[in-house]
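Number of protein chains: 2
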Amino acid sequence: MSSGSDQQDIKREKILEAAYQRFLHYGYSKTTMNEIAGDLSLSKALLYYYFPDKSQLYIAVMRKLAAEYIQKLQNKLNKFENLKEAFIVQIDTQHDFVVKNYNFFDFFRVNEQNLPDTIWDIITEIHQTEMVLLSAAIQIEADKGNIKPVDNPGEIVDLLLDALHGVRVSAVSHKKVIFPQKEHLEEIHTKRLLLLDIFIKGLMY
Amino acid sequence: MSSGSDQQDIKREKILEAAYQRFLHYGYSKTTMNEIAGDLSLSKALLYYYFPDKSQLYIAVMRKLAAEYIQKLQNKLNKFENLKEAFIVQIDTQHDFVVKNYNFFDFFRVNEQNLPDTIWDIITEIHQTEMVLLSAAIQIEADKGNIKPVDNPGEIVDLLLDALHGVRVSAVSHKKVIFPQKEHLEEIHTKRLLLLDIFIKGLMY
DNA sequence: AAACTGACTATTTAAACAAAATTATCAAAA
DNA sequence: TTTTGATAATTTTGTTTAAATAGTCAGTTT
Chain U
1 MSSGSDQQDI KREKILEAAY QRFLHYGYSK TTMNEIAGDL SLSKALLYYY
51 FPDKSQLYIA VMRKLAAEYI QKLQNKLNKF ENLKEAFIVQ IDTQHDFVVK
101 NYNFFDFFRV NEQNLPDTIW DIITEIHQTE MVLLSAAIQI EADKGNIKPV
151 DNPGEIVDLL LDALHGVRVS AVSHKKVIFP QKEHLEEIHT KRLLLLDIFI
201 KGLMY
Chain Z
1 MSSGSDQQDI KREKILEAAY QRFLHYGYSK TTMNEIAGDL SLSKALLYYY
51 FPDKSQLYIA VMRKLAAEYI QKLQNKLNKF ENLKEAFIVQ IDTQHDFVVK
101 NYNFFDFFRV NEQNLPDTIW DIITEIHQTE MVLLSAAIQI EADKGNIKPV
151 DNPGEIVDLL LDALHGVRVS AVSHKKVIFP QKEHLEEIHT KRLLLLDIFI
201 KGLMY
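Protein chains in written order, with our numbering: chain U, 1 to 205; chain Z, 1 to 205.
A couple of the hints might just be wrong.
As the list makes no split between identical chains, a pair holds if one copy fits it or if it spans any two.
Unchecked claim - Here are the simulated DSSO-like pairs of lysine-lysine, each with C-alpha atoms no more than 30 Å apart in a straight line: (1) Lys191 <-> Lys14; (2) Lys148 <-> Lys201; (3) Lys84 <-> Lys14; (4) Lys201 <-> Lys44; (5) Lys84 <-> Lys191; (6) Lys64 <-> Lys14; (7) Lys79 <-> Lys201; (8) Lys144 <-> Lys64; (9) Lys176 <-> Lys30; (10) Lys176 <-> Lys54; (11) Lys84 <-> Lys54; (12) Lys144 <-> Lys44; (13) Lys148 <-> Lys64; (14) Lys84 <-> Lys144; (15) Lys176 <-> Lys64; (16) Lys79 <-> Lys30; (17) Lys44 <-> Lys14; (18) Lys44 <-> Lys72; (19) Lys100 <-> Lys14; (20) Lys72 <-> Lys176; (21) Lys84 <-> Lys148; (22) Lys144 <-> Lys14; (23) Lys44 <-> Lys182; (24) Lys84 <-> Lys11; (25) Lys79 <-> Lys100.
Think of the hints as simulated: they come from the structure by calculation, not from any bench.
Since the model is a prediction, treat every value here as computed from it, not as a measurement.
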C-alpha cells in the first residue's frame, strides 16, 4: 500500500484519532496543533513529520470519515428491498453521519465560501458514490417495471438529493438559517422522509 | 390612508425609485445617501426627512418590491387551470423576480446571517402569501378529486417550496456555491420544473 | 406650518501598526 | 528513522488614526 512502515501507520492513526476528537469537540479554529500533540504526549514538531500542515491533517480526518461513510452506504445498499427503502437508507445513514459529526463540520460553516479544493473532492466523491448506488437502484426498479423507465437515472437522483438538501425547518419567523441548527436535525429528517415518499410515488406509473 | 400629503407621497416615491436604481446597480454598501440625494438634486438631509435611516430606506424599497411580487402572484393565481399550472406560475414569477432584482439582493449575501427582523418579516409575508394561494390550489384540486385528499395542504406546499429552494446547479466540482450565481438561474429554473413535475405526480392517485 | 438645506456631529470603515498566539521549520539528539 | 527544543514565519487580535459616510439640527425658503 503506502510507503510508510506499520509503526508509522499506527502512529498516523493515533494522530488522526486525537485530531478528530479535538476537531469534534472544539472545531477547527479552536483546536491548536499544540493541544493535539499534548493529548498524545508528543511534540508538536512530530505532527509536522506526519502531516504537512494543519489543514492537511483536518482533511485527512475528513477523508477517513468519508471513507467510513461510503463504506457503510455501500454495505447497506447491497441488499435493499425496493427503491424507497434504498433512499431511506441513504437518508438515514447521512442523518446519522451528520448528527454524530456535527461539530466537526464547523470548518464548513466558518469557511463557507472557498473551501479548499481537496474538501470539494471528498464531497464530490461521496456524491459520486451516492449517485452510482442510487442510480443503480432506480435502474433496477425500472427494469422490474415498478416505476416508469427513466432515460437518465443520474439526473433523477441528483434532483432528489438536491431537493432533500433544501429541506429546512420553519423557524419562528420563516427559516432564518442557512446552516441547520443541531436541534433541528430530527425535524429535517422527518420532513425528508415525507418528501421522499411523495417523490417516489411521482416516479411510479 | 397614511398621514402624509399627496405631494409627500409623490416625493417619497421618487426617492424610493432613485434608491432602487442605485441599490440595484451598486448594491447596498456601495450606495451612499449622498448619491441618492444627488440623483434627485436634493440635499441628503431631505432623505432623512422622509426616511429615518439608510436601512429603513432599503427596507422600504424591499417592501415595495415584495408588494408588487405578491400582487402579481395573486393576480396570476386567480385563474389557474390545474395544480401544476399554479405551481408553474409560482416558479416562473419568482424566477423573473429574482433575475430582475438579482443585484438588489446583495444585501442578503453580505449580511447573510442576522438580517434585520423587518426583512424577515417581509420574507415571511411573501411566504405566507404563497402558502395561502398554493394551499388553496391544492385544496381545490383535492376537492375535484384529481389528487389524493391531503389533511394539511400547508405542509405539502411548505415541503415543495423547500425542495424547490434546494435545487442548485452541479458546478464543475460538485456545487461549490451557497448562493446561486446569476448565470445559473436558468438551469435552476429548468430543474425546478422537472422536480415539480415529479412531485405533482406523487400527489396523484 | 411643511418642505427643505448647509453646516455640523457621530459612527462606521480602512489602513497601518504592534503584540500575542499559533503555525511551521530545522538542526541536532535519541 | 523517529523525535524534539529552539526558532522563524505567519496569522490573528487589538489599537490607533484618518477618511468616508451616516445621521442631526438650527435655521431658511416656500
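Verification of the hints:
Proximity of lysine 191 to lysine 14 under the C-alpha cut-off of 30 Å is found in neither arrangement, the shortest distances being 39 Å within a copy and 45 Å between copies. Taking the shortest alpha-carbon separations for lysine 148 and lysine 201, both the intra-copy value of 11 Å and the inter-copy value of 12 Å come in at or below 30 Å. In this assembly of identical chains, the alpha carbons of lysine 84 and lysine 14 never lie at most 30 Å apart, being 39 Å within a copy and 56 Å across copies at closest. Taking the shortest Cα distances, lysine 201 and lysine 44 never come within 30 Å of each other, neither inside one copy (56 Å) nor across copies (59 Å).
Proximity of lysine 84 and lysine 191 under a CA criterion of 30 Å is satisfied in both settings, with 15 Å inside one chain copy and 22 Å between copies. In this homomeric assembly, lysine 64 and lysine 14 come within 30 Å of each other (Cα to Cα) only inside a single copy, at 13 Å, whereas the closest approach across copies is 59 Å. When the C-alpha separation of lysine 79 and lysine 201 is checked against a cutoff of 30 Å, the pair qualifies both within a copy, at 21 Å, and between copies, at 28 Å. In this assembly of identical chains, the alpha carbons of lysine 144 and lysine 64 never lie at most 30 Å apart, being 36 Å within a copy and 54 Å across copies at closest.
With identical chains, the CA atoms of lysine 176 and lysine 30 are at most 30 Å apart both within one copy (26 Å) and between copies (25 Å). In this assembly of identical chains, the alpha carbons of lysine 176 and lysine 54 lie at most 30 Å apart only when taken from different copies (22 Å versus 33 Å within one copy). In this assembly of identical chains, the alpha carbons of lysine 84 and lysine 54 never lie at most 30 Å apart, being 41 Å within a copy and 51 Å across copies at closest. Within a single copy, lysine 144 and lysine 44 get their C-alpha atoms no closer than 58 Å, and across copies no closer than 71 Å, so neither meets the 30 Å cut-off.
With identical chains, the CA atoms of lysine 148 and lysine 64 are never at most 30 Å apart, being 38 Å at best within one copy and 45 Å at best between copies. Taking the shortest alpha-carbon separations for lysine 84 and lysine 144, both the intra-copy value of 14 Å and the inter-copy value of 29 Å come in at or below 30 Å. With identical chains, the CA atoms of lysine 176 and lysine 64 are at most 30 Å apart between copies only, with a shortest distance of 21 Å across copies and 33 Å within one. Taking the shortest Cα distances, lysine 79 and lysine 30 never come within 30 Å of each other, neither inside one copy (41 Å) nor across copies (56 Å).
For the homomeric pair lysine 44 and lysine 14, the shortest alpha-carbon distance inside one copy (14 Å) is at most 30 Å, but the shortest distance between copies (64 Å) is not. Taking the shortest alpha-carbon separations for lysine 44 and lysine 72, neither the intra-copy value of 33 Å nor the inter-copy value of 63 Å comes in at or below 30 Å. Taking CA atoms no more than 30 Å apart as the test, lysine 100 paired with lysine 14 passes inside one copy only; the shortest distance there is 20 Å, against 54 Å between copies. When the C-alpha separation of lysine 72 and lysine 176 is checked against a cutoff of 30 Å, the pair qualifies only between copies, where the shortest distance is 25 Å, while the shortest distance within a copy is 33 Å.
With identical chains, the CA atoms of lysine 84 and lysine 148 are at most 30 Å apart both within one copy (14 Å) and between copies (20 Å). For the identical chains of this complex, lysine 144 and lysine 14 are neighbours neither inside a copy (47 Å) nor across copies (64 Å), given an alpha-carbon limit of 30 Å. Within a single copy, lysine 44 and lysine 182 get their C-alpha atoms no closer than 33 Å, and across copies no closer than 46 Å, so neither meets the 30 Å cut-off. In this assembly of identical chains, the alpha carbons of lysine 84 and lysine 11 never lie at most 30 Å apart, being 42 Å within a copy and 59 Å across copies at closest.
In the homo-oligomer, the alpha carbons of lysine 79 and lysine 100 lie at most 30 Å apart inside one protomer (24 Å), although the nearest pairing across protomers, at 48 Å, exceeds that limit.
Hints 1, 3, 4, 8, 11, 12, 13, 16, 18, 22, 23 and 24, counting from the list given before, are not met by this structure.
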